[in-house]
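My request is simple: use the sequences and hints to build the entire structure.
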Amino acid sequence: MNNNYQSMWKNLGLDLNAHDALLQVLGKGYQDIFLAQNNRPEGMSYFDFVMSEVHGLRIKELMDEKDQGRKIVGSYCVFVPEELVLAANATLVGLCSGADFVMEEVEKLLPRNTCALIKSSFGFKLGKVCPYLESADMIVGENTCDGKKKAYETLNTLVKNLYVMDLPQVKSEQGKSLLKAEYDRFKNAMEKLTGVSITAESLKQAIQIVNAKRSAIHRLSALRKANPVPISGLDALLANQVFFYDNPARFTESVNKICDELEKRIEEKQGVFPENTPRILLSGCPMAVPNWKLPWIIETSGAVIVGEESCVGERGTRNLTDESGQTMDEMMKSIVNRYFKVDCAIFSPNPDRLNHISEMVETYKADGVIHYSLQFCQPYLMESIPVETALENKNIPVLRIETDYSMEDVGQLKTRVEAFVEQLT
Amino acid sequence: MKCAGIDIGSRTIELVIVEGDQIIEQRQTNTGYDPIKESQHLLQDLSYDHIIATGYGRKLFEIYVDNAQTVTEIKAYARGVKQLFPDARTILDIGGQDSKAISLLENGKIKKFEMNDRCAAGTGKFLEVMAKALGFSIDQFGEEALKASKDLKINSMCTVFAESEVTSLIARGENRLEIARGLHASVAKRAVSMLKRISINRTIVFAGGVARNICMCHMLEELLAQEIKIPNDPQIVGALGAALLAGEQGNSRR
Chain A
13 MNNNYQSMWK
23 NLGLDLNAHD
33 ALLQVLGKGY
43 QDIFLAQNNR
53 PEGMSYFDFV
63 MSEVHGLRIK
73 ELMDEKDQGR
83 KIVGSYCVFV
93 PEELVLAANA
103 TLVGLCSGAD
113 FVMEEVEKLL
123 PRNTCALIKS
133 SFGFKLGKVC
143 PYLESADMIV
153 GENTCDGKKK
163 AYETLNTLVK
173 NLYVMDLPQV
183 KSEQGKSLLK
193 AEYDRFKNAM
203 EKLTGVSITA
213 ESLKQAIQIV
223 NAKRSAIHRL
233 SALRKANPVP
243 ISGLDALLAN
253 QVFFYDNPAR
263 FTESVNKICD
273 ELEKRIEEKQ
283 GVFPENTPRI
293 LLSGCPMAVP
303 NWKLPWIIET
313 SGAVIVGEES
323 CVGERGTRNL
333 TDESGQTMDE
343 MMKSIVNRYF
353 KVDCAIFSPN
363 PDRLNHISEM
373 VETYKADGVI
383 HYSLQFCQPY
393 LMESIPVETA
403 LENKNIPVLR
413 IETDYSMEDV
423 GQLKTRVEAF
433 VEQLT
Chain B
908 MKCAGIDIGS
918 RTIELVIVEG
928 DQIIEQRQTN
938 TGYDPIKESQ
948 HLLQDLSYDH
958 IIATGYGRKL
968 FEIYVDNAQT
978 VTEIKAYARG
988 VKQLFPDART
998 ILDIGGQDSK
1008 AISLLENGKI
1018 KKFEMNDRCA
1028 AGTGKFLEVM
1038 AKALGFSIDQ
1048 FGEEALKASK
1058 DLKINSMCTV
1068 FAESEVTSLI
1078 ARGENRLEIA
1088 RGLHASVAKR
1098 AVSMLKRISI
1108 NRTIVFAGGV
1118 ARNICMCHML
1128 EELLAQEIKI
1138 PNDPQIVGAL
1148 GAALLAGEQG
1158 NSRR
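Protein sequence lines, in the order shown, are assigned to chains A and B. For the first sequence, the numbering used here assigns the number 13 to the initial residue and increments by one for each residue that follows. For the second sequence, the numbering used here assigns the number 908 to the initial residue and increments by one for each residue that follows.
For the record, the hints were derived by calculation from the structure and aren't laboratory data. Please read all numbers here as calculations on a predicted model, not as lab measurements. All the pointers check out, no bait thrown in.
Where chain A lies over chain B, by a calculated footprint (3+ residues, C-beta under 8 Å):
| hint | segment |
| --- | --- |
| 1 | 977-984 |
| 2 | 1008-1020 |
Non-contacting residues of chain B with respect to chain A, defined by C-beta distances greater than 12 Å in every case (computed):
| hint | residue |
| --- | --- |
| 3 | 1036 |
| 4 | 1044 |
| 5 | 1051 |
| 6 | 1133 |
| 7 | 1139 |
Here are the simulated DSBU-like cross-link-like pairs (lysine-lysine), alpha carbons at most 35 Å apart as the crow flies:
| hint | chain 1 | residue 1 | chain 2 | residue 2 |
| --- | --- | --- | --- | --- |
| 8 | A | 426 | A | 162 |
| 9 | A | 225 | A | 22 |
| 10 | B | 989 | A | 377 |
| 11 | A | 237 | B | 1019 |
| 12 | A | 281 | B | 1019 |
| 13 | B | 1039 | B | 1103 |
| 14 | B | 1103 | A | 377 |
| 15 | B | 1096 | A | 406 |
| 16 | A | 377 | B | 1016 |
| 17 | A | 140 | A | 161 |
| 18 | B | 966 | A | 237 |
| 19 | A | 225 | A | 161 |
| 20 | B | 1018 | A | 406 |
| 21 | B | 1018 | A | 426 |
| 22 | A | 353 | B | 1019 |
| 23 | B | 1096 | B | 989 |
| 24 | B | 966 | B | 944 |
Virtual Cβ for every residue (Gly too), placed ideally from N, Cα, C.
This is the structure we're talking about:
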C-alpha cells in the first residue's frame, strides 16, 4: 500500500500498526479468493483496483471532498436513504462490519452472543482501523434489529456524531407514517449538517443518480441468468459491496462497462464456470467486505452463485424510486414508498421476502438455495425455518447455514456445501 | 475392475476394495497425527484401478495421491447404505468428530441432510472423553451403561462442560453406571432430534463408529420406538460407498 497514505491515516487517528495488519490480511484474502479465480471478466480489474485502494485512494477522495466543505455520512444499513444525503451535497459511505477485530475489547462492551456484524462494527471503532468511520461527519445508526438498536446506545459513547434513525417493524399505514416522519427528520438533519437546503431540483437529481446506480446492478443481475454464467457470484457480490463505497457516477459507469463485456461473453457462450454448473441462490444476512467466506466455499465446491437475496444484493437494490414526482412532497413520498418495500427480516410478518426468494429461484434458474444466517441474528435465523419449509414444499432443495466471521468452521461448512452440491447433481 | 474407497475420518481410517459389488479387501487404522502417512500405509502393496477418498481428510489425500477423486462422507454413506440395506431411506452416522442424519430418495440419492455444528457435542469424541472420565474403556462403555436401571440427567451437551458436570456428579457420590447411561441418553436424544429434522422415513440405518456402542443402539430404538438396522461393520460404510462410487465413475468414464 502506498506510503503517501500513512499521514492521512495518522491524521484520521487510525492505529497504524493494526491498520497495516488488517490491510495485509485483506490483501492476502483478496488474492486467494478473488484473484485466484479463473476466467474473470476483464472489467473486474476496475473492482480489483477499487479494493486495492479501498482504504487509500477512496479515502483520499473523501478527504479532498471534505476539504472542499462536503460532508461525509456513514451508514450501516440500506434503510438510510442515499437520495437525501446526495441532495444535501454530502456523500454516503457504508461502514466497515465484515471482519472480526479486537474481539476481546468488543466483548467488554457487548455480550458474547451478539452477531458478528454488530461486533465487527465495534471492533473497527475500538481497534481504530476503519478510515470511513473516522472520516465521517455523521454516523447514522438505525433501529432495525434489537441487537443493533441496543448496540447504538453503547456506540454513542464511543463516537461523537451518532444519529439514530427509528424504523417501523410492521408494514402498516402507521409503519409507513413512521418512516415518512423519520425521513423528514433525517432530511432536516442533513440540511443542518451541511448547511445546504435540499431543493426539488437537487433531490430530483439525487434520485436519478441513485436509480442509475441501482439500474446498473439490475443489468448485471439479469446477465447472471445466462447458462453458462458469465460472472462468478463472488465478483458479482464484490460489485454489490463496492456499491456502498464508491463514487456513484463512476460506479454506475464501471458496472455498465462490465455488463457490455458480459453481454459479449454470453453471445459467445463463454462462462466463468462450465455450462450446467449447479446454480445456487444465496439468501439471508448481508455480507459486508471482507466477509467472503461462504461464497468462496460455495464457488470452490463445484457450484456457481447466481443471485444474492440480501441487503448487499437484490433486497437492497431491486426497487427504484419513482422519478415522476416534481414537488418536494411528491418526491419524499416516492422515496418513502421505495424504502418501505425493503423486505428486511425485522418486519413482522414478512411474506414479501419469501415471495421474493421464490421469484428469484425462478428468475435466475437456481437449482437450490443456501440460506445464510449470522449466528445470533434472530430475525434471519427465525425466518430461515419457514423459508426452508416453503421452498421444500416446492421441491427446491435448501441448505441452512449458520455461521460467523471466524474460519474455525470452514472444514465442516465445506463438507455441508459439497454434499449439498452433490445433492443437486 | 478393482475399485478402492478410503474414508479418512477424525479418529480412524477405513479402506475397502471392491470388485463389482463384492468386498475383496478391507483394512482399518487409527488416523493419528499424520493421516496421509497412515493412508499410504493402509494402501501398501494393494492394487486398484480407481480410488475415491472421503471423510475430513479427503482434500489432503487428493493433493498427495495421483488421480484420487473425492466425495463427501454424506454421499459415500448414502451409497454404502444403499448397498447394504436397499430399503433404507434414513441414515444416522455418528463418527469420531461429527454426526449426520441423511434422508434418501427412492433411487438412493440424497434428499436432505443435517450435520452437527462445529463442536464435538454428541459425537464419538464426546463419549470417549466421558468414558475416560468415568474410568471405562470405550469398548465396554456402552455395555456397562446398559447395566444401570435409570439414567441420570446430564444437562450439558458441550464436551468440556459435560466433563465437569460428570466430575461433580462423581463427587456427589452418584452411581457411575447411571451417569454413564445418562450420558448415552443425552447423545441419543440429540441424534433423534437431528433425525426428526430430516423426517424419518421407513428403515433407519445407524452407522459410524458410535453404532458399535450397544447402549446407543438400544436407546435410539427406545426413543424412536422402531427397530434400527446396524451394519455388521458400521465403520466401513463410508469407505464401501466411496469404493462403489469409484467403480461407477470408472464405468461411466469408459
